[in-house]
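Enquirer: Sequence:
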Amino acid sequence: MRTHSQPTVGFTVLAAVASAFALSACSPSATQVAAPPKPVKVEVVGATKARASADSFVGTLRARQRSDLGFEAAGRVVAIPVEVGDRVRAGQVLARLDESPARWRLNKAEADRAAAAATAVERRAQLQQQEALARDKIISQTALESARAAHQLAQSQLAAADAALATARRDLALTHITAPFDGEIVARLTQPFSDVAPGQAILQIQAGNALEVVAMLPDSVAATLSSGDSAQGKSGSESFPLALERLSARSDNGSLVQAIFRVPQSAATSKYLRSGGVVSVELANRNAPNAITVPAPAVMWGDKPGQAAVFVLDQAGKLQRRPVQAGTAVQREGRVTVSQGLAAGDRVVVAGTAFLHEGQLAQAHATQTLLQGATEGVAQ
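Note that the sequence shown covers residues -22 to -1, 1 to 358 in mature numbering (1 follows the signal peptide of the UniProt record, and there is no 0).
Please keep in mind that the hints were generated in silico from the structure rather than gathered at the bench.
On a predicted model such as this, the values are computed, not experimentally measured, just so you know.
Heads up, some of the hints might be wrong.
Claimed, not checked - Listed next, the in silico BS3-like pairs over lysine-lysine satisfying Cα-Cα at most 25 Å (straight line):
1) 86 to 115
2) 296 to 19
3) 16 to 296
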């Protein structure tokens, strides 16, 4: 008898192939796609290549002894007998207001004072009479007290009249502006026959050749300075030394601090330097020549001052969280000085540290800026 076994063999082969696919799908050794390294922005530490830098700010020259002059009272200017550039002496009359209203007030004050003085004399004589009558028991004690009160009132009115007269005399004197010191007129801000308000500047005067420079510095820069620090001033082709004299205790606009720099007398006498001129103020970076600095966003601060950490990308392409000793102040250009924990050639991650973790695979890409303490070129 003939036997047909080919269908059985075919089913056997198909079952074996299906089982192989099933085992392959369930096997833990199946190949998986690895996550790509995370791109990170790095800066290569190169302390031996640190370069000196300077911060430059705009400053304004002004005289050390100066004054804006104006009238204390409102009125109409009738004369300004000085011009810009005139040399004046202390006490010299520089401007005059129409003094008619002040003189009328003075005349009235003098008349009021004379009337008050006459009344005081009269009340004094009446009091003396009342006291004599009271000694003879002719008038009552009440009448005597009334005479004493009238006399006291007259004396008070006389004192008030004296004060009003002094005020009127002062008001008349204040219709004149006089030079507070020997100097030079540098600005004339109004013209005769103009109406001015109290305190409105009419003239500007300055004395001598002593100059200073006023500059507005960011808080982060001002925090690194102290009185006596040196700087360099530039005006056109002129360059001259500066010394920090004082810093304002207040921040203007929330982030700027006023700094006053002293100009040496040898430079202040230069014909190229005048009050009101604009100069460039350069502050040398005071970090040590071989100091290692990193951008502030690279530093992860610890619980204690100075204790911090940074992420370093090793040669195997993994991130290492490395403890470092860092300065607590953010220096100029937004950098922090690192005294321990880093060496030349280390690749420090400078952005996005909050989203990284120890041992994470990463790859470096080109830095966007080149600042102090970073080597030139792309980190590899």
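Enquirer: If a hint holds in the structure, say so; if it does not, say that too.
Expert: Going through the hints against the structure:
1. With a CA separation close to 43 Å, the supplied pair residue 86 and residue 115 exceeds the 25 Å bound.
2. Taking the CA atoms of residue 296 and residue 19, the gap is about 14 Å. The hint holds against a cut of 25 Å.
3. Pair hint residue 16 plus residue 296 holds up; C-alpha atoms about 10 Å apart against a cutoff of 25 Å.
Going down the numbered hints, you'll see the structure goes against just number 1.
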